[in-house]
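S.K.: Residue-level listing of the chains:
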Amino acid sequence: MKKSRRKCDPILLNKFFDKELRPDERAQMTEHLRDCPSCQKALQENESLSALFTDSLDKSVSQAIPDDFEYRIISKLETRNSKLESLIPILNSQFSILNSLKKFFIPAMATAILILFFSFTKPPASVAGPSAIVSSFTGDIASVMILETPESHQTIIWFNETF
Amino acid sequence: MRLRKYIIVLFLSSVLMMGLADPLGAAGPKINIVVKTVLASQNAKFADPRLSDLIKELQSVFKYSSYRLLSQNNMTVGMKKTGRASLPENRVLKITPIGIRGNRTELRLELFKKNRQIFQTVIQLLNPGAITVGGPKYKGGYLLFNISNSF
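Those sequence lines, one after another, are chains U and E.
Residue numbering for the first sequence follows UniProt numbering, beginning at 1 and increasing consecutively.
Residue numbering for the second sequence follows UniProt numbering, beginning at 1 and increasing consecutively.
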């Protein structure tokens with residue numbers, strides 16, 4: 001029986017299994033495996049273990065994600081899109097109501113505020129001009145004078161009775 | 001339809017607010033009127049302390065040395081209502097607020113003596129403001145009627 005050129009090295013064997021060895025190392029390991037039953041056995045165990053793990057993973061994923069998963073997502077997205085599209089006319093009508101309100105509500109409120117403002121506020125007292133403006137004067141009198149004080153413009157009516 | 005409802009509600013509330021807010025209202029404000037009867041003469045030197053502000057004004061126009069407050073009539077008169085102030089020698093002053101023009105009260109003043117009308121005048125008096133009407137001879141001096149108003 002021909003003897004293996006290399007010693008058994010589990011680390012190198014794992015790297016061989018994971019295809020992480022350089023080409024020259026890989027060639028040496030291939031040659032070693034040809035003559036080493038224990039390494040052959042270890043490699044087979046690795047392969048079977050890996051196969052088992054991969055199968056289990058595939059099975060779990062296929063159970064977790066059903067076959068129609070993609071179809072269901074797409075159909076949900078389509079439904080949502082159609083709902084959004086159906087909302088657009090409603091939103092448009094709401095905006096048109098808002099626009100109409102803007103047309104009438106804002107001017108009406110502005111008018112109401114102006115009316116309130118002028119109702120509650122009094123015009124400032126005018127300091128210019130007489131305290132009283134005499135619009136008319138009639139009577140059975142001899143004479144009448146209308147005076148105004150120089151400082152505060154107080155109006156004075158001075159008349160002489162005939163009797 | 002909804003918009004029409006909004007407009008109707010808004011219009012009615014504006015009208016309501018205007019009604020509540022309008023202090024002048026349809027009936028108009030009540031006018032507070034004070035009539036002070038003053039005897040001005042040159043018989044003595046006297047300045048009634050109750051007339052200090054008025055005397056300062058009158059002294060800039062008249063040369064009387066004595067100003068004495070004879071009586072004071074306070075009244076609150078509604079629009080188009082007539083208030084009366086009794087004055088010396090059976091005189092009566094009737095005061096009728098007839099309107100508001102800006103910051104002025106439009107007043108009709110009628111002076112009667114023994115039920116005979118001496119004069120009638122319409123004035124627009126500042127709010128607040130006063131006018132002095134004078135001229136009748138009385139007890140060696142002259143009567144002055146200082147009429148002030150506010151609303």
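Keep in mind the hints are simulated off the structure, nothing from the lab.
Among the hints, erroneous ones may be present.
Stated by the list, open to error - If you only want the chain E side, here are some residues facing chain U, beta carbon under 8 Å, derived: (1) V9; (2) A47; (3) P88; (4) N90; (5) V92; (6) N115; (7) I118; (8) F119; (9) Q120; (10) T121; (11) V122; (12) I123; (13) I131; (14) T132; (15) V133; (16) G135.
Unchecked claim - Chain U is nowhere near these chain E residues, computed Cβ spacing over 12 Å in every case: (17) S71; (18) Q72; (19) R104.
Where is the CB? At the ideal position from N, CA and C, for every residue including glycine.
S.K.: Hints broken by the structure, by number, lowest first?
M.R.: 1, 2, 3, 4, 5, 6 and 19
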